[in-house]
Structure formats: structure tokens, C-alpha cells
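Student: In case you want the letters, here they are:
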Amino acid sequence: MTRNIKVDYISRVEGQGGIDLWVSPDGELRDVKVRVFEPPRFFEAFMVGRRYDELMELAARICGICPVSHEISALRAVEDAMGLEVSEATRRVRKLLAMSAIISSHILSVYFLTAPDYFGCRDLIEVAREHGELLKRGLKLKKLGNDLTQLIGGKSVHPVTAVVQRFTNTISKVDADAMRRRFIEAKGDALETVALFGEVEVPKFVRECEHVALSRTDGYPFNEGDLASTGGIHVPQREYRRYIEETQVPYSTAKHSNVKGCSSFLVGPLARVNLNFDKLSRDARDAAKSVGFRAPDFNPFHSPLARAIEVVHCIDECAEILKTMPYSEEGAPIKVRRGDGFAITEAPRGVNYHHYTLNRSGIVTRADIVPPTCQNYRNMEMDLWGLVPKMLDLPDGAIAHRCEMLIRAYDPCISCSVHAINIHEVK
Amino acid sequence: MDKLRCGFFKFTGCAGCQMEILRLEEELPRLLELIEIAYWPMVTTKEWEGDLDFAFVEGSVSTPRELREIKEIRERSKVVVAFGECAVTGCIPSIRNFMTQREAEKGVYAHPVWIDSIGLRGISEYVDVDVSVPGCPPHRNTVLEVFKGAVLGRAPNLRRHSVCMECKLKDNGCLLTDEGRPCMGPVINAGCGALCPSLGRVCEGCYGPMSAANASSHAQILMEAGLSEDDVKRKFRKYAGWTPEFRREAE
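Order-wise, the sequence lines are chains A and B.
Okay, so the first sequence: first residue is 1 according to the working numbering, each after it adds one.
Okay, so the second sequence: first residue is 1001 according to the working numbering, each after it adds one.
Keep in mind that the hints were calculated from the coordinates and are not lab data.
Some clues are possibly wrong.
What the hints assert, rightly or not - Calculated cross-link-like contacts (lysine-lysine; reagent style BS3-like; alpha-carbon spacing at most 27 Å): (1) B:1046 <-> A:33; (2) A:33 <-> A:390; (3) A:136 <-> B:1071; (4) A:6 <-> B:1170; (5) A:140 <-> B:1106; (6) A:260 <-> B:1106; (7) A:173 <-> B:1170; (8) A:6 <-> A:187; (9) B:1148 <-> B:1003.
As the list claims (entries may be wrong) - Where chain A lies over chain B, by a calculated footprint (3+ residues, C-beta under 8 Å): (10) 1021-1031; (11) 1041-1054; (12) 1089-1101; (13) 1126-1132.
Just so we're clear, the structure is a prediction, and the values are computed from it rather than from any experiment.
For glycine and all other residues, C-beta sits at the position ideal for the given N, C-alpha and C.
Bound-form chain A, shown alone (with noise of 0.2 Å):
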């Protein structure tokens, strides 16, 4: 008989995704599905006929998890499509605001939804019953990133105060000195966390695969730098469509992502580390060095690490930032213009690539958008096809548990990548 190994709904990531394997009755893995049944959301359907400066609070509401990325990709396609130059002070404060919700995001991820793996609990509350001191270090550093993300924005969930070429809000001398002495303190804890994640014992699973990042030459990139591969792209934002493909899959809302005329590929945080190791801060480098990873590492067990690794690089960098505030903002009357824009910010989770036509009134007429997980769904299941055949004299729950556990170090934020399919190939 076939055996079919089933996860139904995958737990402890956002959003509603199974995965299914058929086994041959031989022994031999058959077939690998990554399920996505999130309801499509239709963003870049209605998105068109809407305003220019309304934009980054539509895309914002793609996810709940990473708004500050859509918000920051949006801004700067438009930007782009009109033209703007944006101040380096709106520049720094968009970095700082970039890497509060990095910070958010990776400790929720790797606090709350991938430790509990290692030690064998169904979730962070149970961890806590006996180290008590890790839900105490998430909740603290969490709390961290959404309090600068708030300071900057009003609020941590959908911040309001990016606009097109600013920021409608300053942050005091006052506030910023005292949120940089808690970053200043918290660098303990975010070096603690890169210890608990290079000692904790992960599957040897290495699958080199092409990995894709922004990069850039002057620092570590979030918001800017160009499209970057270990495959050897090296191309600027809006050439993204001329290397990425997608196709649409019956069993899922998601789509599928290839490098053009090569295979699946993988973007997130391991891959920006690979591609920007020497951008990181000292420490980070240091920190990451210690417990032996190296770089290029191809073991997507290790995007939990590489997560933490990029909390301790952020501390440094906001601290850096915010030892500079406050900025003066001044936005120069925004003349509309017609244009195409383009934009792509590392959200947590990768790559996430903003596309907008804009008529002479700066209404949307076409909206393309690709955030990071549906680019990683295809390689997910790549990733299954090398590890499960390596494991089938396994019981079916002890299969299906790590095949969730490698969905799981991916972070798959699904709501996000079925906020719709674009409608690039289909006009």
C-alpha cells in the first residue's frame, strides 16, 4: 500500500499550511507536497485604483508579522516611480525602523515557535515550566524590538508614521537615548541566544542550493543594496523579474518560485548572512564564529542561528543609529508623476519585491508583488525530497514531526505569500 505521511495544518508558524508525502509501497518517496490552503487575499487586484500615498498602509496589512517591510517596499517603489530623492535622515530612521521588526519578528520565531522543538515541548509556555529564564529572555527582547518600532511608529502592529519622502513624527533626543541604553543592556541576551542556538543539536542535512539576498557594499543591507546570488547574480532591484519565475500550483494559493533556467532557491536569513557575513557587525561575526558557524552554510536547519545572529548584529547597528537622533525631517512637496516603480526590502523573512505602475494622477494601475515565503515553498519541498528518504524506517509521526521542524526553521510567514498571486504572467 502507499504510505502517505500527513501534516494537516502545521503549527507554530503564521498562517495555514499541511504538507503531504506518498511513499511507494517499495520503500521509495513518491511525491512531496508543501499544502498552502491560506485564503487568498486578491491585494494586487484591488490595490489598482488606489492612491499613491495610501499604498504602504494597504501593503502593510499583506502581514501582521513583517507590515514594516511591505510598508518600506511600497514607499520606495513609489519613490521610485515618481522619481523622489529621499533624504539620508528618512533613510537611517527607515534602517532603524527595518531592523526593530527584525528583531521582533526573528526572537517570536525563534523564541516561541522553533524552541520548543529542542526540548521536546509543544510550545514556549511548557519550555518555561522548566527553564523559566528562556520565555523571560523572548518576552524581553520581543518586547525590545516592538517598543523601538513603536517609538518610531506610534505602534509595533501596522506603524503609521512612514509616508512617502518621511516620517510625520520625530523622535526626541530624550527617548532615543534612553531606548539605546536598552539596547545597550540587551546585547547580553542576544548574545545568550546565539549560544542556545549553536548548542542546540540540529538535523546534519546540507543540500547546497542557490541562496538570494539583497547586498550591498557599505553595510549590512535591509532596505537597500542590490539583488545578490550564490549562483552569481549580482543586478539591481528592478531586474528582479528577469531572473525570478513563478508558476501557479493546483494544491496550493501560493505560488512557486525558480531562478529562471535553473531550480528553487532559498532567501531569508541564512542566505543574507552567506551573502553578507563581512558586513556584520563585530560582534555578530564574532558571536557566530564561536559557536562555529561558517560561511556559506547550506543547512536550512541553521536559519534559527542565522536569525540570531542578525538579533546581535541589529542591537549593534539601532544602537549605532539611534546615537544620532534626532533627525530634522523635511519632505519636499511631492510632485506627481507617472512611472513605474520598483522595490525590494529584506523583510525577516527574505526578499520581498514591490512593483507598481502609477498613472499621471499617481493612481495604481498594476500592482506586482512577491514577498519572501512563496519564494521559499518550492524550495521547502526540495529540501523535503533530500531529507525524508533518509528517514523512512522512522515511525510516521517522527517523519511528519521533523519535516514540520524543517518548515518550521524556514518561518514561513503563509498569510503573506497568498496576500494574492500577481497578475504578471497571466496579462
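Once you have looked at the hints, place chain B on chain A.
Tutor: Then chain B, alone, in the frame of chain A:
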């Protein structure tokens, strides 16, 4: 006292409202002494077993599967909470209700036949809802009040007056009358603490229509402030365009 058995369900939405619950970093450990997380797929691998005292539903109903699930949740829960703007009014994704389903699907998917989606609705379209918590997402004070009400066995005290009241309490100048900017505050539920007007932005309406909102009169005021007819339509067709209060102005 027995802990309250709470379930947290994700429907069509962005997970931001669940994030806002996890945002109670300081209160969470103590809250967990009063409530039991019986089901919450984003947080625990526990399966849903038995009946619930409280079902917190984030997101709207937009697939046949969700329609079945919301009815099951209703049947197995004492109190159903529509948690956040998507569950209450449909929020920003409800903008697509103004297109036909075919338009939305065909415009977006290469193979619309594989898609199983229906018009997007707040959950009270299909089941009785005991508590409606507005906000995209609900402000942490709103979230705390909801849990306080739950633990004390009373309805939460949610505000049904306009954002303007909170602006006055904060001593903000009026963006609409003083600066002539198109603020939605006069017709929107309070609860956010007048967050946007206090940070230099007009209210966009993420808490949905206040009680007895006079939308048509406000549409007139927005036109006088210089908005075009299309702009006014966009203002109302944003967070709560599908509600009876805003529908006429949104269409």
C-alpha cells in the same frame, strides 16, 4: 477559580491581531495564570479538543472551509469574540468586495478554477458574535480590556464614540477644522487613543464606524476640504466599506 479555556483562530487576515495579543509581553505571564491556551496553532501544537469558554477569531470568512469552521466554533464555544477589524468588518481586504468575484480571481490567478474563495465578510454575517473588538489591530489597551472583561465575566467597556473625543482629551489641535486636512476621526470608533492625529497623520479609520456615524454628512465635509469624489469614495472604501454605515459612501 478554573482557568478560562481560550481558543485562538486564524481566518482570512494578516495575523497582526494575534501579534497584538503576544504584544502583551509584560502582562502575558500573569495572564497565563488566569487563562488556558486550549488551542492556538501559531503558538502551540496542541490539537483543539473539547469546548471552549472563549473563542477569539481573527480574520474574515472568505472560503467555504472557513464558513464551516466558524459555525463549528460557534457551536463549541460559550463566548465568540470577533477579534480585530477583519473579523468585525472585513477591513482592508474587503475592498475587493466591490469587484465581482470573477474579476478578482481572473485578474489575479492564471488558473481561477483552482481557487476556492467567496465574498469576504465579517464573522457576524454567519454566526452570533458576543463581543466585537474593532481595530486594525486593536490597541493594546483595547486588548487588555477584552481580557479583563473575560476574566471578570463582564462585557468589555469598548468605546463607541468618535476618535475626536480622544483627540480633545489629548489636547490635539483639529486637523480637519484647523488645518483643513481630510480626517476620518468624526465618524470612526475611538479606542486607539487618537494615535494618528497625535503623530501628525489624519485618522484613516482603522477602528471602523462609530455608533450612529453620519457618513453622508462627513463625505460632504471631506469634499469641502478639497477631496474629489473618487478620493472620498476611497476614504470610505478602505477599512469598513462593506458595513451598512459606510456602504453608500463607498460605492
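Student: Run through the hints listed earlier and report the numbers of any the structure violates, in increasing order.
Tutor: The structure conflicts with hints 3, 4, 5, 8, 13, although it agrees with all the remaining ones.
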